[in-house]
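Participant: Chains A and B, in that order, give the protein sequences.
Here our numbering is used: position 209 in the first sequence is 209, and no number is missing along the way.
Here our numbering is used: position 154 in the second sequence is 1154, and no number is missing along the way.
Hint data in this document are derived by calculation from the structure and do not stem from the laboratory.
It is possible that part of the hints are untrue.
On the chain B side, residues computed to face chain A include the following (Cβ under 8 angstroms) [claimed, not checked]:
hint : residue
1    : Ala1023
2    : Gly1024
3    : Ala1055
4    : Gln1062
5    : Gln1066
Now the stretches of chain A that chain B is said to cover, found in silico as 3 or more residues with beta-carbon under 8 angstroms [to be verified]:
hint : region
6    : 109 to 123
7    : 176 to 182
Built from N, CA and C at the ideal position, the CB exists for glycine as well.
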Amino acid sequence: MKLNGAQILMKTLKEEGVDTIFGFPGGVLINIYDELAKTDIRHVLVRHEQGAAHAADGYARAGGRVGVCMVTSGPGATNTVTGIASAYMDSIPVVIITGQVPTQLIGNDAFQEVDIVGITRPCTKHNFLVQRTEDLARIIKEAFFIARSGRPGPVLVDIPKDVSNNVTDLEMPEDVALRSYNPTYNPNMRQLKKVAELIEEAERPMIFAGGGVILSKGARELTEFARKTQMPVTTSLMGLGAFPGSDPLWLGMIGMHGTYQANMCTGECDLLVSIGVRFDDRVTGKTDAFAAQSKIVHIDIDPTSIRKNVPVTVPVVGDCRIALENLNTLLRDTDLGDLKQKRKKWSDRIVEWKSTSPLDYVQDEEIIKPQYVIEKLYELTKGEAIITTEVGQNQMWAAQYYHFEKPNHFITSGGLGCMGFGLPAAIGAQIAQPDSLVVDIAGDGSIQMNIQEMCTAVQNRLPVKVVILNNGYLGMVRQWQELFFGKRYVATCLDCAPDFVKLAEAYGAVGLRAEKPEDVVPVLKEGLFSPHTVIMDFRVAGEESVYPMVPAGAPITEMLLV
Amino acid sequence: MTENKHVLSMLVDNEPGVLSRIAGLFSGRGYNIESLCVAETTDPQISRLIIVTQANQPLTEQIKKQLNKLINVIKVYELTGSEFVQREMALIKVNAKPEHRAEILRIVDIFRCRVVDVGKEHYTIEVTGDEGKLAAILSLMKPIGIKEIAKSGAIALFREPK
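Turn these sequences into a full structure, and let the hints steer you where they fit.
Facilitator: Encoded structure:
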């Protein structure tokens, strides 16, 4: 069958199960868009290409599938770089298709030419420049395979105009076989037996889980594992939702803004079973002091994560879910009564920590506290909403006060920490889960970084809710300035800001505002249960800070508490 | 922890951009490249790339894992720590005034190298050997007057069991 490149692309995308593309057209993509219109693939037109990349990311996380974004050459491609880097840091499977100038013009500084393969080499799992139409189907299939397998990540495919125009015989490759890429899924059983032994011996064990558990769809296995072994559980920011927030074994998040009990446990445990994590500096604080009394087990599918930042007693390379399943089988006959007995002192200690310094704030009569908004949001949504966040204080309060029960419900730019992520990610999440309530928890600073995507939400009738914790500051940097720079608020005061209610209305969305504590619940009720796209502007306390806080580079057991 | 030289040999896809991925990995993560040599193998689709790096043991492990993670890297071997043959090559252009010619040729003879280009005022010498040998001949030629040198990175292969 003779097909042109654009037709081959569409056929291959269909075969990969793609139903939605987030994109923005341009000169070298016109023929591809022309073919796209002939398929039943939904195209969501964003207003800025960064939004397309984040939306594909949000779609992938909420839907557990590969997200796809398509943009034109040059500026279209460079605008996606932040979104690609964010997906790369958080290991999210996204395929980015970029148009490119015709092959004979490459290298000539042609109009809208940029070496996007060169630019994105360090922030993609892999990338391709397609040089012949004959290679297109194979490369697209390889791109999806690489994006979703092993430790997932973004893959970029750059398609020159002539490659999508030229006609060739389509030979759809059956399987993808890459001689140099073969991720290890099944963990070594000898290593797992060592882990099981360590667990049975340990007196003060704990579990530290991360995004890898969610990506491997292993949350159920993790819960079974924790309950079976009666080990308390903390997670990284990326791991929130991997373990139910209402379980008595739940310690809360670890790290710079982790809970008192999670950080103290890490300091005193004798066994840290870490699963699908990468020991980011925001988790470990000072690495020499991290879990210093503890043996460390590290289960991860990416061998480079192991022993990169901390020394490990038992490394296990493999898929988190499969490893947990195997551990659950190995520990089948463990006597729970015995374990509970042996660890009585440890569990008492944890109870003590939990009551020493629980997450807390004082709700004023006059001024709304940002934490209060999240708490009420949690209560009103019964913890079942899909929450996306921007980056900064809004993100940390969301992580602390919204107690996630299920995986794939907390969508945040964890590794890259990129402002402007939440709104486009919410759009992607809403499309992946049309029946779910999707809420973007934002700050007044970060929401302005991709505010133009309001238009995308309204145009596509996506009932995304934006909760702005409006404190008039770039709050997290302000907090650091308050604590470490003598309250010199340099470049963090946002005293000139748009009226978010009018802005919402200008976009054709609903705008609501709460100025007093008693407005919070009514505004949330009206906004959350509206069928429209809504911005809720909460005027919160200007100089509220996120606590606990571990100063950068300090041991995580040395927290500033309120 | 002590940093030592490590010779890493890898088989990679012979495609555009692969060298840039590897070089980018080293620069992006702050690893050191002491020398680098790359050429096609007998299979035109595969190249062999040899990097000499200076790192402590845990970092060398991490470098190997990071290299293995690149989709275009087929296999990574560390030669250091086992029996292997290592060679470098240099072309040395030395001032060859009449009063020095005999001396230069004597050194060439001792080091079993060759003169590959002769002019009125210079010799170009081709020398192959390990790092030590190259350093030794360079130190002998220096007082005579080196005009220019071109030096390759190290290439290396495992020794087969006898």
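Participant: Under a C-beta cut-off of less than 8 angstroms, do 3 or more residues of the region 176 to 182 of chain A approach chain B closely enough to confirm the stated coverage?
Facilitator: holds (count 4)
Participant: Apply the coverage criterion to the region 109 to 123 of chain A and chain B: a residue qualifies when its Cβ sits closer than 8 angstroms to a Cβ of the chain, and three qualifying residues are needed.
Facilitator: holds (count 4)
Participant: Holds or violated: the hint that Gly1024 (chain B) contacts chain A, with Cβ atoms closer than 8 angstroms.
Facilitator: holds, 5 angstroms
Participant: Using Cβ atoms only, decide whether Ala1055 (chain B) comes closer than 8 angstroms to chain A, and label the hint accordingly.
Facilitator: Violated: closest Cβ of chain A sits about 14 angstroms from Ala1055 (chain B), beyond 8 angstroms.
Participant: Was the hint right that Gln1062 (chain B) lines chain A, CB cutoff 8 angstroms?
Facilitator: holds, 6 angstroms
Participant: Under 8 angstroms, Cβ to Cβ, is where Gln1066 (chain B) needs to be relative to chain A, so tell me if that hint holds or is violated.
Facilitator: At about 5 angstroms, which falls below the 8 angstroms cut-off, the nearest Cβ of chain A leaves the hint on Gln1066 (chain B) intact, so it holds.
Participant: Using the nearest Cβ pair, does Ala1023 (chain B) come within less than 8 angstroms of chain A?
Facilitator: violated, 10 angstroms
Checked against the numbered hints listed earlier, the structure breaks hints 1, 3; every other hint is satisfied.
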